[in-house]
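Heads up: the sequence lines are chains S and R, in that order.
For the first sequence, my numbering assigns the number 1479 to the initial residue and increments by one for each residue that follows.
For the second sequence, my numbering assigns the number 1479 to the initial residue and increments by one for each residue that follows.
Misleading hints may appear alongside valid ones.
The list makes no distinction among identical chains, and a pair is therefore deemed to hold if it is satisfied within one copy or across any two copies.
Claimed, not checked - Heads up, simulated DSSO-like pairs for lysine-lysine below, C-alpha to C-alpha not over 30 angstroms straight-line:
#1 K1696 / K1660
#2 K1867 / K1705
#3 K1481 / K1800
#4 K1766 / K1867
#5 K1867 / K1696
#6 K1766 / K1481
#7 K1660 / K1533
#8 K1867 / K1481
Don't read these hints as lab results, they were simulated from the structure.
There are 2 protein chains.
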Amino acid sequence: MEKINLAFTGLGQRGPGLLSMVLDTMPDVNVTALCDLYADRTAAAAEIVRARRGKEPFVTGDYHDLLYRDDVDCIIVSSSWHTHVQICVDAMNAGKPVGCEVGGAYDIEQCWELVRVYERTQTPIMLLENCCYGRDEMTVLNMIRLGVFGEPVHAEGGYQHDLRDEVALGHENRHYRIDEYKYRCGEIYPTHELGPIAKWLDVNRGNRMLTLTSMASKSRGLNSWIKEHRGGGYENADYHFAQGDVVTTMIKCARGETILLTHDTTLPRPYSRGGRFQGTKGIWSEDKHGVNIDGRTVSTSWTHNWDDIGLYYDEFEPELWKNYRANGVVAGHDGIDYLVFSALVHSLRNGLPMPVDVYDMASWMAVTALSEQSVAMGSMPVPVPDFTKGEWIRRGRDTSGPYSL
Amino acid sequence: MEKINLAFTGLGQRGPGLLSMVLDTMPDVNVTALCDLYADRTAAAAEIVRARRGKEPFVTGDYHDLLYRDDVDCIIVSSSWHTHVQICVDAMNAGKPVGCEVGGAYDIEQCWELVRVYERTQTPIMLLENCCYGRDEMTVLNMIRLGVFGEPVHAEGGYQHDLRDEVALGHENRHYRIDEYKYRCGEIYPTHELGPIAKWLDVNRGNRMLTLTSMASKSRGLNSWIKEHRGGGYENADYHFAQGDVVTTMIKCARGETILLTHDTTLPRPYSRGGRFQGTKGIWSEDKHGVNIDGRTVSTSWTHNWDDIGLYYDEFEPELWKNYRANGVVAGHDGIDYLVFSALVHSLRNGLPMPVDVYDMASWMAVTALSEQSVAMGSMPVPVPDFTKGEWIRRGRDTSGPYSL
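With the rest of the complex left out, here is chain S (with noise of 0.2 angstroms):
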């Protein structure tokens, strides 16, 4: 079976993770090329290819030096958000298949053109959204595919982690997400719970967000945190930032089911996606690891009960997990960074469609533009724009692969 070559751009954070349990894990995957702007980042990263692989890649300062490489077969984006959007399309433009780590969009446009690009060059490229792989996600989905909760009616999720020391100090090592908190001000970083949610609710393949509103809290929890451990002297220590503490969106869908979304990175609080899944049938929360199911759990008091749903992994998880628990699961988000990687390599080889596409990466990253035009007009609806261009009517659930969604 021949290798997949893989080009790594944006070495900052999360793509020396990435790089290292890709060398670790899969034998079938070679990393053969490596960009960041900062020399001493795609030095150290190719040291880790060195020492794990011991082959030498080939190193760049610019990303457009991976476009036109033979021994590039993918490019995985793992740089700042802002700059997603254009290696992708450029990428596109090259016959590049791409995998892009997860961020949101700054302008509607920046996703049309993902998917115009897409449709001209059919260049395979998947939005690397790990928390679809989620165990809980996917024995969820799995319930709903078999009805267990009944008529799909309201999801919810988030972005709930503690973030004010990454956010506030994060300069200090030229990670510059701080940026998007002194400018702009909305749901941000979506995908992690929106993903999942989309796949529950069939979006693109049956269903389509239709409207979108959202609302930011005022701004104080960087301020605060940055006075308490840095003195009011620090960089930004008055700064106004512009993003809400707590930014909340409700999103209405065609066939009628509701979001809820909330981003909340700045203030102290455990960390938790807040998933929330519920039909005619069943609950599903992953805050009380819990299920409430009509017909099945059982009410001891008018306040009825939640069953753990570890009472239904048996029954209900997807054979790609129980499959993966039994061989081991990988490090690295609890095991989905692996998952996703190997759907990106698995789809890849085989030439099956991304489990997470083109028209699924636009929905998802026009949240973040749509709910900045949402807060910045006093929480007016914003409508969402349809990147199917109708096709969602028609298009059918992808069971190609095993990582299907």
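Please arrange chain R on chain S, whose structure you already have, making use of the hints.
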């Protein structure tokens, strides 16, 4: 000490429960008059009074008969939601103090009428929002006031209660809540969560609600339940209910906080008011029964940790609750029914301001009418009236009595 004489109007479901609680636990209160549209209900309630107190109450089918009786000091309104405001207005105009059960407004004008009549007559009126007196809600309130959570930023709550049997079959017992689901769509029951939140955020006393946006899911839960439990030929089995199964509402406050409300009563789920409070120094979560406080909660991983709120009761549970527990909590929604009635009686007896006053009542009830407007207009944001007409900037916290909130 002279006894306070109460009249009850509305003896369907809530009324008799409160009546028994008062007769069993409040020796300084008499119940002298009873009113309901149905004679069998007043007869049953009169029997309760006779059995517990050996006295014969006045009985009527028309609440107007209560308004000018010398043996009525205060009217308890526990009738259908849509009758609350008119009874309150008539009572205030007659100079009879009112304790009104919770519900939402049907139009903003009703809320203005409450304020207008109160300001002209100065007749005491209190919304009997029992959840304001919840043990955890009051502990959180105390922690907020003591600055433990830092600057308030975001709060959440919900009325999340599987009421399918009660709503679908209620008319078998002359309980008409089903009409609310047939004809309305919005946040039809907001105050159990909004009441405590409004107190946490100083709404009407240093803060106010500015704007609101609501979104409703499709309505499927009642149809599904009726067909499953009564069959497709049963009343309303195929009725297209207006009320979405899950209605989400976002509210922005003048000081910049956001409030998220969820109404979720027609799908399977365990009960939860979904309480959550976030400030610059900490978070409380009802579903996690936990808090995370900067400088107090120890982090043992990058996901951070929850402390059980039980660890904080010693330090932060208010005296009212500590004493209440020491003396024995009275049955009825974990003790809060007794506390809210005690607050009403204590305030009446001592001429103190009502802990949930007419401005609270008007603004909280207004959320229902406003959310209906927003849903009807595709989640357009709508302005929240300032029922204090600017006084919220100058009105300080009420600390006049042991039940002040």
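Consistency of the hints with the structure:
1. K1696 / K1660: Only inside one copy: K1696 and K1660 sit 13 angstroms apart there, 37 angstroms across copies, limit 30 angstroms.
2. K1867 / K1705: For K1867 and K1705, neither the intra-copy (49 angstroms) nor the inter-copy (37 angstroms) Cα distance is at most 30 angstroms.
3. K1481 / K1800: Only inside one copy: K1481 and K1800 sit 26 angstroms apart there, 69 angstroms across copies, limit 30 angstroms.
4. K1766 / K1867: neither (38 angstroms within a copy, 42 angstroms between copies)
5. K1867 / K1696: Cα proximity of K1867 and K1696: across copies only (24 angstroms, versus 37 angstroms in one copy).
6. K1766 / K1481: Cα proximity of K1766 and K1481: none, with 43 angstroms in one copy and 47 angstroms across.
7. K1660 / K1533: neither (42 angstroms within a copy, 70 angstroms between copies)
8. K1867 / K1481: Neither. Shortest intra-copy (36 angstroms) and inter-copy (72 angstroms) distances fail the 30 angstroms Cα cut-off.
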